[in-house]
Amino acid sequence: MTGNGAGNGIIWHRQNLRELPKFRDGTSYLYLEHTRLEQDGRGVRAYHPEGMITLPVASLGVLLLGPGCSVSHEAVKALSDTGCSVLWVGEGGVRLYASGLGESRSALRLQRQARLWANPDTRLRVVRQMYAMRFPGGLPDGLTLQQIRGHEGARVRDAYARYSRAYGVRWEQRQYKQTDWERATPINKALSAGNACVYGLAHAAILATGYSPALGFVHTGKMLSFVYDVADLYKIEVVLPTAFREAATPGDDLERRVRTGLRDHMTNLRLLERMAADLHLLLGGDDMDPDPTAPGDLWDPLGDVQGGVNHA
Amino acid sequence: MTLEAVPPSLRGELSRWLMEVQPGVYVGNATALVRDLLWDKAVQNARTGRCTQIYRANNEQGFAVRMYGDPHRTLVSLDGFQLVAIRNARHIELQGEYDPPEDDDKL
Numbered sequence: 001m002t003g004n005g006a007g008n009g010i011i012w013h014r015q016n017l018r019e020l021p022k023f024r025d026g027t028s029y030l031y032l033e034h035t036r037l038e039q040d041g042r043g044v045r046a047y048h049p050e051g052m053i054t055l056p057v058a059s060l061g062v063l064l065l066g067p068g069c070s071v072s073h074e075a076v077k078a079l080s081d082t083g084c085s086v087l088w089v090g091e092g093g094v095r096l097y098a099s100g101l102g103e104s105r106s107a108l109r110l111q112r113q114a115r116l117w118a119n120p121d122t123r124l125r126v127v128r129q130m131y132a133m134r135f136p137g138g139l140p141d142g143l144t145l146q147q148i149r150g151h152e153g154a155r156v157r158d159a160y161a162r163y164s165r166a167y168g169v170r171w172e173q174r175q176y177k178q179t180d181w182e183r184a185t186p187i188n189k190a191l192s193a194g195n196a197c198v199y200g201l202a203h204a205a206i207l208a209t210g211y212s213p214a215l216g217f218v219h220t221g222k223m224l225s226f227v228y229d230v231a232d233l234y235k236i237e238v239v240l241p242t243a244f245r246e247a248a249t250p251g252d253d254l255e256r257r258v259r260t261g262l263r264d265h266m267t268n269l270r271l272l273e274r275m276a277a278d279l280h281l282l283l284g285g286d287d288m289d290p291d292p293t294a295p296g297d298l299w300d301p302l303g304d305v306q307g308g309v310n311h312a
Numbered sequence: 001m002t003l004e005a006v007p008p009s010l011r012g013e014l015s016r017w018l019m020e021v022q023p024g025v026y027v028g029n030a031t032a033l034v035r036d037l038l039w040d041k042a043v044q045n046a047r048t049g050r051c052t053q054i055y056r057a058n059n060e061q062g063f064a065v066r067m068y069g070d071p072h073r074t075l076v077s078l079d080g081f082q083l084v085a086i087r088n089a090r091h092i093e094l095q096g097e098y099d100p101p102e103d104d105d106k107l
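First to last, the protein sequences are chains A and B.
UniProt numbering numbers the first residue of the first sequence as 1 and each following residue consecutively.
UniProt numbering numbers the first residue of the second sequence as 1 and each following residue consecutively.
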C-alpha cells in the first residue's frame, strides 16, 4: 500500500487491467430505474428506492439504466475504468437509447472487423457462417443467400409453432408498435422484453470484446446492425422458451418475470462466454494488443510506422 | 455465517458446527439441511442481535444471502440479482427526489 502523503488514503491513478475479471466470467446484467448513481470511496453506489446499494461493477457486464436514473460524472468514470458497459434503455429495458464505452482499449479487432466487412467476399463468408451457426445439423452446400434466408425463415416459423404448442399459447404473428406498448399481446410483450435483454447483452459483448456495433454483416445501415446480427444467433434458443413459458403463466409483471427467467436461462446456457467465443470465431483470431497503454502506430501504405515519435 | 450482538450461548452453539475465523464470523461446509437448521436456530435465539448467512447456490452469483435483525439493511433482488440495500442518511435525503412518480389514479 502506498500513501500519497496527503493523508486521505490510497489513490490508484490507473486501473490495473489485469485485475479486471474477464468479461465472460462476470455477471451478465443489472437493470435499475428511479436510481441515482454516485461514486463513493472507490465504489459505485446506487440510491435506489429500497436503499443505498453498492454495485459490484467490476464483475458486472452490463448496467442497464431505465427511466428515472441519473448518473454522476465520477460514477461513469468508475464504470468505464472497470469495463462495465452502460446502456440507457426504455422502461422495462425494452428499448435501447444509447450506450457507453466497453472495456476494450485496442483497435486491432475493430480493424479486422472493418476489413472483413468491406470486402464483399469475406463479408459473404461471415454471413454464411452466421446462418450456419443457427443450424446444428448444418446447411446444404451451394445455397444462394436467398435460399439460406428461406431456410432461416422456416426455422423461425417452426420454432414459434413448436413453443406455441408446448405451452398452449396462441401464436399469430410477431407484432409490436413502438408507439403503443400496452396494446401488444402478452406473448409479444414477453418476446420484446426478452429480445431487449439479448440485444443489451449482445451490445455489451460486442463493445467489451472490442468490435463495432455498427458494422453489421447480415443487417446493414443502422448504428446497431452488428448487435442485431449477434442477437439473432441466440434469440430463438434463448428468448422463446422463457417468453412462452411466462406468457402461459397468469399474473402481473410479465416483463419482469421474463427478465428474471432469462437470467437463469442465460446462466445455464453460459451465454456471455459463448457470445465472446462466437465473436472471435466469426471475426477471427484472438491476438491482443501487447501494451494497451502505448501510443498507437501511424498508418502508411508501405506498412505501419511507429507512433509517438517525431518523424521530422 | 456472521453473528453480531447475540447471546453467548448461540455463539457457543454455532462454534460446535462451524469454525470461528474471526469474532462473530463462522465458516464451514454444511449440508443444506444443517445450514437451514443453524439459520433457524440463529434467528430464534438472536434476540436483539443480527445475523447473516451466505451459502453456495446455483445461481448467477454463485451464492445466496439471508439477513436478520438489521432494520437498516434489506436484501433486494433486482431481476434475480441479490444485493444489499442500506437505508442511510443520504438515501433518505434523496428519497423524495428519486422515488417513482405516484400513479395518477392515486391522487
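Hint data in this document are derived by calculation from the structure and do not stem from the laboratory.
Built from N, CA and C at the ideal position, the CB exists for glycine as well.
Worth double-checking, as some hints may not be accurate.
[What the hints assert, rightly or not] Rough simulated footprint, nothing fancy, chain B against chain A, three-plus residues with beta-carbon under 8 angstroms:
(1) 43 to 53
(2) 118 to 128
(3) 250 to 264
Results of checking the hints against the structure:
no.	hint	verdict
1	43 to 53	holds (count 7)
2	118 to 128	violated (count 0)
3	250 to 264	holds (count 5)
When each numbered hint is compared with the structure, a violation occurs for hint 2 only.
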